[in-house]
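Protein sequences appear in the order of chains A and B.
Heads up, the first sequence is in my numbering, so the first residue is 1 and it goes up one at a time.
Heads up, the second sequence is in my numbering, so the first residue is 1001 and it goes up one at a time.
Rather than coming from a laboratory, the hints here were simulated on the basis of the structure.
Some hints here could point you the wrong way.
What the hints assert, rightly or not - One-sided excerpt, in silico: chain A residues whose CB lies under 7 Å from chain B:
id	residue
1	HIS69
2	MET72
3	VAL93
4	TRP96
5	MET97
6	VAL99
7	MET100
8	VAL101
9	CYS102
10	PRO103
11	GLY105
Values in this document were obtained by computation on a predicted structure and should not be read as measured data.
Ideal Cβ positions, reconstructed from N, Cα and C, are used throughout, including at glycine.
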Amino acid sequence: MKQLLVRSENCVGCKSCEVACAVAHSQSKTLFGAVLEAQSPRKRVFVETDGTVNFPLQCRQCSDMPCVHACMAGAMHREPATGLVQVNAEKCVGCWMCVMVCPFGAIGESPAHQALKCDRCRELDYNPACVAACPTKALQWVEVDRFAAAGRRSWVEQVKEGNSHA
Amino acid sequence: MKYIVVGNSAAGLFAAEAIREQDSGAEITVLTADSYPSYSRCLTTYYLAGDIPEEGLFLRSAETLEALHLNIRYGCTVTGLDPTERVILTAAGERVPYDKCLIATGASAVPLDVPGSTLPGVFTLRNLEDAQRIKARLAPGRRAVIIGGGLVSLKSAYALLKQGLKVSLIVSSGQILSQMLNEEAAKLIQEHLERHGLEIVLHQDVAEIQESGFRNESLRWRLSPFGQTQDKFFGRTEQESGEKIWENLIAENEIKGGSRIEAVRLRNGKLLPADLVIVGKGVRPNIQPFLDSGLATRQGILVNERLETNLPDVYAAGDVAEAWDRLHQTQRLNPIWPNATMQGRIAGANMAGLHLTYPGAMGMNSVDFFGLRTISAGIVRPPKSPVSENDLNPSSPASPILPTSPTSPAWRVEELRLRDAWGRPNYQRLVWQGELLKGFVLVGNTERAGILTAFIQYGRALSEPVRQTLGSGKRSRAISLKA
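Please build the complete structure, drawing on both the sequences and the hints.
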C-alpha cells in the first residue's frame, strides 16, 4: 500500500502543495476556476516551519486512529476497501472532537462547518495532487519499502562522500 | 467461543467490532435494553436543534451492522450476572451463558428531587426516546427552563435556542460547565450565549416545578357570573356545575395526557414560566443489576489496565466503568465518548485473546455554540491554584483531589487573552506541573487542541523552547520534541 511520506530535508517551504491541494479539492479542479468559486476551496496540507526545518504536514493516517475513536457521529471511519481514515460528510456534525485529539493538528474546517482533512485525493483516484506539485520531491506517494530503500541509498552516499573527504 | 456484550452504545459497539476483527467465527451476542440500533447519545441535542434528522443519530449503516454478524437482542433488560455458572440473567427470566462477557451498560441521567419533578413536561435527556418526547414539545416562542450547568444542559439550551424557544438555565454553582472549564473561560461562553438570548441564572436552585393552572382557570370561568350565564344558556343542570365540573375537567385533562407544567419556582421565590423543563444533573453508572454478583464496584465497576473486572472473564468498559485515569493516577469515572470507544475496543480485543493495556482515560470535551468553539482537556484547575486568582473564588467548585507530595513540582497556570478583529475571544489557558503539561482550555481558536492533548498524553517533561512555543499560542505545528 502506498503511503504519503515526507523527506523534510528536501522541503524548501514553497507551499506549492498547499495550492495544489486546494485546487484538487475545488469544483473546477483548475487554479483559475478555483479562485473564482463562490466557496474558495480549502487546503488540507500545511507547510509548517520553525525557521530552519520545513515540513508539509497532513493527516498521517495514524494506526491507532484517535480521531475515529473520538468521533461521536460515526463520521470519521476507516474505509474497509482502502484502509484509509476518511470523513463521511453525510454524518459529520462539526463537533470538533477529532480536532481535540488529532496529535498533528491536521484537521481543519470545511465551508459547511465539517471536519476536513487529507483524503489522499480520493476524487483523483488516489493520486495526491500535492505529490505531483512538489518541485523537490519532499512529498512522495510510495510504498514504504521503496521509500526506505531510497533512504538507505542516500545514507550510503553520504558515508562515501564522508570517506572521500576524510 | 460465546461472547456476550451487555449494552450497544459506544463501548458495546466498539467492543463487538474489535472482537469480530480478531475472531471472524465468534458467536457475539449483544443484549441491550434499547430498542434502536447503536446510536450516538451525544448527538441527541443536534437532533433537537434540527441540525440532523433522526437517521443521522445512528452510528453504523444497516449493511455495516449486518456484516458484523452480531446477534443483537433489543429490548432485553439484564438483571444480573452469576459468575459461578457463567450466565447473564435477564428480566424475561433467561440465563444466557457466556465464555467472555463485557458489561457496557452505560449510565443514566440523575433525576431531580424537588416537588413536581415527575410531572409530564419535565425531562432528562439521555436516550433517543427522551429526545423524541422533547422534540414533540418544541415550538418557537415556548418557554423552557433547563436545570444544571453541565454539557448536556448547555447543549440542550443551545438546541432549544436554535428552535426559537425562550430558554433559561439555572445553575447551582457560580459558573457554567464547571467540570470542563475554569471560571474565566466559562464566563466567555456565558457572555456569548447571553448575547444569543440565553438567560443564565447562577447560584440558584429550583425549589418546585408547578403544575398548570388550567383546571383552576377553567373552573374559575365556569363558576364566574359569565360561566354561570353560559351554563344557563346551554341548559346545564346544577349537578353539572361546581364539583361535577371539577371532576369532569380532571378526567378530560387526564385523557389528554395529564396536567401540564406552568412554572419553575426558584429558591429565591422567583417564578419562571415554563412549557418544558430539562434536567441536566449529570449521570450515574448503571451498576444496579450487578450489585450482588460479586463485582467490585465503587460508583462504577472497577477495572484493571486490561479492562478486566475482579470476576474471571468479565470485562467492563465505558460510562459504567471506573478505569485508570492517567492524570489523576487512580481509577475514576470518565463518562465521555472517546474514553468509552477506546475502552470498548481494548476490552473487545482482550476478550478475543490479545493482551492490550489501556493507557488511561482523561477528561476532555469540545463544544461549538453559535460558532464560538471551546475545547478543554486534562486538569483545568490546579489542585491548589497558586497563580490564578479565579480559582481562589470560594464559589468555584472544589478541585478534584490530585496526587501531590511535598517533592512534586509546583502547579502553574499560563494564560493568553486575545480578541480577534471582530472582538471575539481567543483565550488559551495551559496548566503545568513543573515541565509537564497537565491540561488546557482553548476558547475561540481551537486548532492547536489536538497537539496540546498529545503533549498531555506524552506525559514527560517538555523542554523550554517547546513550552515557550505552546505558551505563545502560535499556530506552528512544527514542534520538535528534541528542540
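Cut-off 7 Å, beta-carbon criterion: hint that VAL99 of chain A touches chain B: holds (6 Å)
Restraint: GLY105 of chain A near chain B, CB-CB cut 7 Å. Satisfied or not? Nearest chain B Cβ about 5 Å off; hint holds.
May I ask you to test the interface hint for HIS69 of chain A with respect to chain B, counting a Cβ-Cβ separation under 7 Å as satisfied? holds (4 Å)
Restraint outcome when MET100 of chain A is required to lie within 7 Å of chain B by C-beta distance: With Cβ-Cβ at 5 Å, under 7 Å, it holds.
Have a go at the CYS102 of chain A hint: is there a Cβ in chain B nearer than 7 Å to its own Cβ? Constraint on CYS102 of chain A satisfied, holds at 4 Å.
Minimum beta-carbon distance criterion (7 Å), TRP96 of chain A to chain B: Check passed: Cβ of TRP96 of chain A comes within 4 Å of chain B, closer than 7 Å.
Quick one, is the VAL93 of chain A hint okay against chain B at 7 Å, beta carbons? Hint holds; VAL93 of chain A Cβ to chain B Cβ min 5 Å, cut 7 Å.
Let's test the interface hint: is any C-beta of chain B closer than 7 Å to that of MET72 of chain A? holds (4 Å)
Hold the hint about VAL101 of chain A up to the distance rule: shortest CB distance to chain B must be less than 7 Å. Because about 5 Å separates VAL101 of chain A from the closest Cβ in chain B, which is inside the 7 Å limit, the hint holds.
Interface hint check: MET97 of chain A, Cβ to nearest Cβ on chain B, cutoff 7 Å. Holds or violated? Holds, about 5 Å.
Interface hint compliance - PRO103 of chain A to chain B, C-beta minimum distance less than 7 Å: Cβ of PRO103 of chain A sits 4 Å from chain B, so the hint holds.
Violated hints are absent here; each numbered hint is respected by the structure.
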